[in-house]
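K.L.:
Residue 1 is where the sequence shown starts when you use UniProt numbering, and the numbers rise one by one after that.
To be clear, the hints were calculated from the coordinates, so they are not data collected in a lab.
From a predicted model like this one, the values you see are computed outputs, not experimental measurements.
Treat the hints with care, since some could be wrong.
Capping the alpha-carbon separation at 30 Å, the derived lysine-lysine pairs in BS3-like fashion look like this [unchecked claim]:
hint, residue 1, residue 2
1, LYS455, LYS542
2, LYS535, LYS455
3, LYS215, LYS150
4, LYS552, LYS516
5, LYS312, LYS52
6, LYS533, LYS360
Computed beta-carbon distance windows for the label pairs [stated by the list, open to error]:
hint, residue 1, residue 2, range
7, ASN82, LYS360, 42 to 48 Å
8, VAL153, LYS216, 18 to 24 Å
9, LYS429, LEU378, 30 to 36 Å
10, HIS374, GLU76, 26 to 32 Å
11, LYS262, ASN380, 40 to 46 Å
12, ASP43, GLU165, 42 to 48 Å
13, LYS262, GLY381, 35 to 41 Å
14, LYS559, VAL373, 43 to 49 Å
Note that beta-carbon positions come from the ideal geometry of N, C-alpha and C, so glycine has one too.
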Amino acid sequence: MLGLFFQLLCAQTTIQKTGSNWQLLVDGSPFDIKGVTFGYDKDIENYDTYFKDLNFLGVNAIRTWATGDNMPQLLEAAQKHNIKVMVGIWMRHGRPGMEDDDSFNYLDDKEGIEVMYNNAINVVRQYKDHPAVLTWGIGNEVYLNMATDKEKVAYSKVLERICSEIKQIDQNHPITSVEAWTFGMEWWQKHVPSIDIYGLNSYGAGAGFLASELKKRNIDKPYIITEFGVTGEWDIKAEKHGVKQEPTDQQKYDAIAKGYHKWIANESTNLGVFVFHYGDGNHFGSPWLHTHHTGAYRPQYWAIRDAFTGEKPINNVPVVEDLELPDGAFKSESWVPVILKVSDIENDTLAVSFHYNHRKGSRIRRNQINPLVHRGSLENGFEIQLPKEDGGIKVYVNVKDSYNNVGIASTAIRVTDEEAKNRKYLVPKVKLPFYVYQDGEDMPYAPSAYMGNFKKMAVNTKDTTNVYYGSSSLKISYNHHYNWYGLGMVNPANDWGDILGGYDISGARTFSFWAKASKDKLTATIGFGLIGKDKTYPDTAKEAIKIKLGTKWKKYTIKLKKQDLSCIRSGFTLFSQSYGSGHDIYIDEVVFE
1 MLGLFFQLLC AQTTIQKTGS NWQLLVDGSP FDIKGVTFGY DKDIENYDTY
51 FKDLNFLGVN AIRTWATGDN MPQLLEAAQK HNIKVMVGIW MRHGRPGMED
101 DDSFNYLDDK EGIEVMYNNA INVVRQYKDH PAVLTWGIGN EVYLNMATDK
151 EKVAYSKVLE RICSEIKQID QNHPITSVEA WTFGMEWWQK HVPSIDIYGL
201 NSYGAGAGFL ASELKKRNID KPYIITEFGV TGEWDIKAEK HGVKQEPTDQ
251 QKYDAIAKGY HKWIANESTN LGVFVFHYGD GNHFGSPWLH THHTGAYRPQ
301 YWAIRDAFTG EKPINNVPVV EDLELPDGAF KSESWVPVIL KVSDIENDTL
351 AVSFHYNHRK GSRIRRNQIN PLVHRGSLEN GFEIQLPKED GGIKVYVNVK
401 DSYNNVGIAS TAIRVTDEEA KNRKYLVPKV KLPFYVYQDG EDMPYAPSAY
451 MGNFKKMAVN TKDTTNVYYG SSSLKISYNH HYNWYGLGMV NPANDWGDIL
501 GGYDISGART FSFWAKASKD KLTATIGFGL IGKDKTYPDT AKEAIKIKLG
551 TKWKKYTIKL KKQDLSCIRS GFTLFSQSYG SGHDIYIDEV VFE
């Protein structure tokens, strides 16, 4: 009965062409996508708050990149607030790229292909009858992040297999696949005829050329701009001290508020847009492209409302009219003066802070925004103390008003530091205690390194049946009567030492964890460090202890003396074996301190 109920409610999305004009229809009524990419998918408890806010902004659709366990709640919340969802289905990248450190082999990894295929089909079967579903969004910038034409053909065949199967099981929703700019057009046109709508990520004025790019290739299909905003770092040419010069807050506002009408809304083959990105953060991308930064409203937030409703900001974001630092090279920890001029239309009380980014090293480190020590005031001027880095750094000023708007501007300065210059591995320096595992939330290392008879192993990062502390534990199940197996929690995920990653945990004195097993006296070797020095980016230290686990929780500690913890790629390792029957191992509170 429940299945029939959803079928009766299911909204049908269709595409209609009249003359040269394409139109998206939902239950026969025109639907122009005024969307955003959605960054709060994990915050289930606050879905109602976010969707009410999206209503305020004039948003009628959201896009996700993948489908997690929380998709049922997300769809229900979207439906409640009359918002449609492009349901994302993730496809792995062939090489590390713009947004992912993954590396998948579409030529040889037949098992991995089947995993992606089955996931895609299962997602469609599970959610195809939900009334909030607008369209399927399969993959994101996979062609862009793939090295050879041979691999692109192989991926295209996988994509067509998935899309053609979806057409057989769901006639109510069109299929979109997503690529950066025009990088997918040639391959889709030749090899993936089952795609109904081309999803194109484009920023800045480039969005205005997409219709002509399709026409040039004689592609008679509509498109959606699946990511949009101000020009991104990848297209910026101007630099200072090797640092790309970020657009101003006004440029970020205009790109959305004016660009929507200039480059998107009036194109006959365009079905709408998803502005990137309705989300929060404190990393390199959030001042540039997000609606919120450290919880405060950015110009992009108000620009979305302006684009979709014509309404101007309720309270204007403070404007940084001038930000200058002295030219030349300066030693780390020295103080330098700041020329700063700010204004605020409402004359709100303003709070000023300074931060920096060093676009060097591992992905996580490149994306970090760190606080800068500063002194002074708006009336008397500011000075900042330069961090212990070497090279050009990006310096931000954040000006926050009493309405919770934050205006941000940036510039660059050259810093010199011999110690920093000689660091072998540029990875993030952590604060202690540093949790490798705690409740399965925000895990710095991914449990992706499977070893031995791993096909008989299952990993649950949020087991609630046996917990030492908090709400969840890490459960490793082995369902076989003999052979060995192993698990490594690594950063980046799915990497064995070819990509720079991990964390600088220098200063830690102990590594500890709590553990138990489903059977008494189960032998396991547990520690950290997995990647050897034969790899480009190894673990700089390895430690492990061989223990006999009992059926009650017990804490185990490894003392750390003189180890080089400057780059720990593998924050947790476990090896065990079976004699006669399977078993479960539970791990909790894994921490360096």
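K.L.:
Are the hints correct? Go through all of them and say.
P.N.:
Evaluation of the provided hints:
Straight-line distance between C-alpha atoms of LYS455 and LYS542 comes to about 26 Å, which keeps the hinted pair within the 30 Å bound. With a C-alpha separation of about 25 Å, the suggested pairing of LYS535 with LYS455 holds against the 30 Å cut-off. With a C-alpha separation of about 26 Å, the suggested pairing of LYS215 with LYS150 holds against the 30 Å cut-off. Between LYS552 and LYS516 the CA atoms are separated by roughly 6 Å; this keeps the pair inside 30 Å, and the hint holds.
Annotation: proposed proximity of LYS312 to LYS52 holds, straight-line Cα distance about 18 Å (limit 30 Å). Pair hint LYS533 plus LYS360 holds up; C-alpha atoms about 22 Å apart against a cutoff of 30 Å. Range check, ASN82 to LYS360: Cβ separation about 45 Å, and the 42 to 48 Å hint holds. Remark: the range hint 18 to 24 Å for VAL153 to LYS216 is upheld by a beta-carbon distance near 22 Å.
The hinted window of 30 to 36 Å between LYS429 and LEU378 holds, with their beta carbons roughly 31 Å apart. In this structure the hint that HIS374 and GLU76 lie 26 to 32 Å apart at CB is violated, the actual value being about 46 Å. Between LYS262 and ASN380 the CB atoms are about 43 Å apart, so this pair conforms to the stated range of 40 to 46 Å. The hint said 42 to 48 Å for the Cβ distance between ASP43 and GLU165, and at roughly 33 Å that hint is violated.
LYS262 and GLY381 have their C-beta atoms about 40 Å apart, which keeps the hinted 35 to 41 Å range intact. The beta-carbon spacing between LYS559 and VAL373, approximately 34 Å, falls outside the hinted interval of 43 to 49 Å.
Hint violations for this structure: numbers 10, 12, 14, all remaining hints satisfied.
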